[in-house]
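*Asks:* Take a look at the letters that make up each chain.
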Amino acid sequence: MELISHLGIGLEAVLTWQNLGYCFLGVLLGTLIGVLPGLGPVATIAMLLPVTYGLPPLSALIMLAGIYYGAQYGGSTTAILVNLPGESSSVVTCLDGYAMARQGRAGVALGVAALGSFFAGTIATLVIAAAAAPLAEFALKFGPAEYFSLMLLGLIAAVVLAQGDVFKAIAMVVLGLLLGLVGTDVGSGAERFTFGIPELSDGISFVVLSMGLFGIAEIIINLEQTSGRDVFTARIGSLLPGREDVRRAWKPVLRGTTLGSILGILPGGGAVLSSFSAYTLEKRLANDPSRFGKGAIEGVAGPEAANNAGAQTSFIPLLVMGLPSNPVMALMVGAMMIHGIVPGPQVMEERPALFWGLIVSMWFGNLFLVLLNMPLIGLWVRLLKVPYRLLYPVILLFCCIGVYSINNSAFEVGLTLFFGVLGYLFVKLHCEPAPLLLGFVLGPMMEENLRRAMLLARGDARVFFTRPISLTLLVASALLLCVMAWPRARKARDLAFQEN
Amino acid sequence: MKTRFFLPAILLVFGLLLLPRAAWSEYPEHPVKVIVPYPAGGIVDVATRIVTERIAQDWGQPIVVENRPGANGNIGAAAVKNAAPDGYTLLIGSTFLVTNPLLDRHSRVGHEDFVPIGTMGMPPNLLAVPAASPAKSLQDFIALAKSRPGELNAPNPGIGSSNHLGTEAFVSLAGIELTQVNYKGQPPFIPDLLNGQIDFTFISAALAAPHIRSGKLRPLAVSYDKRLKSHPDLPTVGELGYPEAAVLPWTGFFAPARTPAPIVHRLATELKKALQDAEVIRRNDALEAVNPDLFLEDFARFLKSESRRWRKVIDEHHLQAE
Numbered sequence: 001m002e003l004i005s006h007l008g009i010g011l012e013a014v015l016t017w018q019n020l021g022y023c024f025l026g027v028l029l030g031t032l033i034g035v036l037p038g039l040g041p042v043a044t045i046a047m048l049l050p051v052t053y054g055l056p057p058l059s060a061l062i063m064l065a066g067i068y069y070g071a072q073y074g075g076s077t078t079a080i081l082v083n084l085p086g087e088s089s090s091v092v093t094c095l096d097g098y099a100m101a102r103q104g105r106a107g108v109a110l111g112v113a114a115l116g117s118f119f120a121g122t123i124a125t126l127v128i129a130a131a132a133a134p135l136a137e138f139a140l141k142f143g144p145a146e147y148f149s150l151m152l153l154g155l156i157a158a159v160v161l162a163q164g165d166v167f168k169a170i171a172m173v174v175l176g177l178l179l180g181l182v183g184t185d186v187g188s189g190a191e192r193f194t195f196g197i198p199e200l201s202d203g204i205s206f207v208v209l210s211m212g213l214f215g216i217a218e219i220i221i222n223l224e225q226t227s228g229r230d231v232f233t234a235r236i237g238s239l240l241p242g243r244e245d246v247r248r249a250w251k252p253v254l255r256g257t258t259l260g261s262i263l264g265i266l267p268g269g270g271a272v273l274s275s276f277s278a279y280t281l282e283k284r285l286a287n288d289p290s291r292f293g294k295g296a297i298e299g300v301a302g303p304e305a306a307n308n309a310g311a312q313t314s315f316i317p318l319l320v321m322g323l324p325s326n327p328v329m330a331l332m333v334g335a336m337m338i339h340g341i342v343p344g345p346q347v348m349e350e351r352p353a354l355f356w357g358l359i360v361s362m363w364f365g366n367l368f369l370v371l372l373n374m375p376l377i378g379l380w381v382r383l384l385k386v387p388y389r390l391l392y393p394v395i396l397l398f399c400c401i402g403v404y405s406i407n408n409s410a411f412e413v414g415l416t417l418f419f420g421v422l423g424y425l426f427v428k429l430h431c432e433p434a435p436l437l438l439g440f441v442l443g444p445m446m447e448e449n450l451r452r453a454m455l456l457a458r459g460d461a462r463v464f465f466t467r468p469i470s471l472t473l474l475v476a477s478a479l480l481l482c483v484m485a486w487p488r489a490r491k492a493r494d495l496a497f498q499e500n
Numbered sequence: 001m002k003t004r005f006f007l008p009a010i011l012l013v014f015g016l017l018l019l020p021r022a023a024w025s026e027y028p029e030h031p032v033k034v035i036v037p038y039p040a041g042g043i044v045d046v047a048t049r050i051v052t053e054r055i056a057q058d059w060g061q062p063i064v065v066e067n068r069p070g071a072n073g074n075i076g077a078a079a080v081k082n083a084a085p086d087g088y089t090l091l092i093g094s095t096f097l098v099t100n101p102l103l104d105r106h107s108r109v110g111h112e113d114f115v116p117i118g119t120m121g122m123p124p125n126l127l128a129v130p131a132a133s134p135a136k137s138l139q140d141f142i143a144l145a146k147s148r149p150g151e152l153n154a155p156n157p158g159i160g161s162s163n164h165l166g167t168e169a170f171v172s173l174a175g176i177e178l179t180q181v182n183y184k185g186q187p188p189f190i191p192d193l194l195n196g197q198i199d200f201t202f203i204s205a206a207l208a209a210p211h212i213r214s215g216k217l218r219p220l221a222v223s224y225d226k227r228l229k230s231h232p233d234l235p236t237v238g239e240l241g242y243p244e245a246a247v248l249p250w251t252g253f254f255a256p257a258r259t260p261a262p263i264v265h266r267l268a269t270e271l272k273k274a275l276q277d278a279e280v281i282r283r284n285d286a287l288e289a290v291n292p293d294l295f296l297e298d299f300a301r302f303l304k305s306e307s308r309r310w311r312k313v314i315d316e317h318h319l320q321a322e
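Chains as they are written, first to last, in this note's numbering: chain A, 1 to 500; chain B, 1 to 322.
Just so you know, these hints were derived from the structure itself, not from any lab.
Glycine is no exception: its CB is placed at the ideal position from the N, C-alpha and C atoms.
Among the hints, a few may not be true.
Stated by the list, open to error - Chain B is faced by these chain A residues, among others (derived, beta-carbon under 8 Å):
| no. | residue |
| --- | --- |
| 1 | 53 |
| 2 | 331 |
| 3 | 337 |
| 4 | 346 |
| 5 | 456 |
Make the full structure from the sequences, and use the hints.
*Replies:* This is the structure:
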């Protein structure tokens, strides 16, 4: 068994006090920065890069990787407790997680998120160990045409995220697409919608937008309803998921793990798409989709499992091909290069202890995270008892520090506040920000890949239908559109029967 | 009561700061900030940290590397341009300092805003094709491209990047026509290069190395005037008859204009010393980095010649941004 001998090499490398210690330190740091709104893994790893200079390469990489997936755990904590998505992948956790917290079920939501993430992390670690090389080959098959079709599927799924009016949801997706266009056009180098402001020439950052629309807007809303907040802090409810919760959650966790493991491999939007599409899937499969957005546990379990699985498998393109799939992975490339290791296919053969050690460390990291986070749930929940007049200035402060730390730019802090006010208006107009965010993330990638695919095919649009993966994704998009129309058709039919 | 002591104390401190400091040998008295106008973890960031770690150890004074990416280097450069010219804020500048003002008339920063200190190691570009390509040599590839004008694709990872300018220079020298496909940086085009949708590229040697070793990428030439230590049998573009296609993404340390000469000279000396350190050389070799070894006046002359060179190419090919 090759797999077992590989895992053996990894275990041998990891099971030293030093490496386990750095693993724990990494996930602890990750949890902390994940919980602090806005302070993301990118800024943290960038700050810690010089520190890792003096460490052995394996210890350094174990710690940095731990910060990354630890932040995924921590990010869902703030999403659930105070409606603040620290990472793009925890945006959907806000939808039902925060609703659960308002019902006094914050502990249950946190527990399901932690246990689901642990399960997903364990499975994804095994997936990396068993199938990293063939999966990386699969990711290579994704050219511009395939990416365009995948993004199209994602955008159609975005409409399903909405709770209310479909037209408002479409309007929000389109607004997201427009916001995503701000910045320098990749094709011509021309600046679009930047008003001559240099800070806008690379576009609006995701954290700025999501922090404003979700976090700041939520604070304004809460300050408006002074009495409502106390009701929600008074009832805490049980801290751990009960039997009924587990019964509802285990299938979404399995499905989320599968989706996340697959989508996480794709460079680019993989990690974001995984949690969004897991949510869409659960909402479609549910007997009563109307519970979603109002505290459905499936809406926390599925996406949380998916984003953690995706976070693990996003290491595959890096470790096997040397290709970073997101900004954190780009930093990992930097960390490896600082130690004179050029990430790529040869790392597996030339430095097996490093390669397998890093993979095995991820399982230990996930174990530490669950051991660390389960006892912390009680503490987090008690945090909600802190009077809001004391809590919100702290949240606001951390948001500003977090946004500033991304590019050291005061302009972006101002921009976040602007989007906060905009987000408040959206709430007043009953427009939901989640579809906007998905449009914002996917739109620019979709445009870029559409133009690239058309250029490579010299203007022949048939390229989207002749490439098998692209065709499959387009067929799936068409099916999803039909399924979306279906409940309406069924309702109409039911009405017709009643009248008979 | 306390203010009576504080106020004069504060005035004294500010007064001392305003005094012309004769003892420049005291520099650096506090941490020095080096602004890298590229994201953390990128090649420029790594190459910078290799050198700054060494200098900081020599000084016993920390050097803080701050990443200020955006607007193709202009945001970081503008921050240093507006910083006090006291040697405590430095810029890592690259080809963009020369090409941005040429590409964009509205650009507010250029190499004239800075005093050049010296260059550091950077990986040069390689001219490469996917392993499945029939071209085994640069001559093969030129013949192939001539037989299929405009049909072959080359990536453009950024307008004004060394890869872009190198490709433009090479295409016009070799008399071939390639279709340029735009990407955001180099890593995103690697999958399309390996799966054969891209036929030819100028790619950083650091990024190409693992794919050359795994046999998925075939290097044809080095875009530099010397051969690489790691590929001694790979010819340079000059040896193959295209010396103008040697486009190094040169990178170096800059101080804001009007930084006192003694500090600039001190920095150049420290940089020179750090670059000779065995550990720095080892790390630079792992990055496949080369260094034209230009300091102070030599570096300034080089910047002027680069500016003339690219003005010509950019005008000929109408590369200005709208």
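*Asks:* Does each hint hold? Answer for all of them.
*Replies:* We went through each hint and held it up to the structure:
1. 53: Cβ of residue 53(A) sits 6 Å from chain B, so the hint holds.
2. 331: holds, 4 Å
3. 337: OK, holds: residue 337(A) within 8 Å of chain B, min 5 Å.
4. 346: Hint holds; residue 346(A) Cβ to chain B Cβ min 5 Å, cut 8 Å.
5. 456: holds, 6 Å
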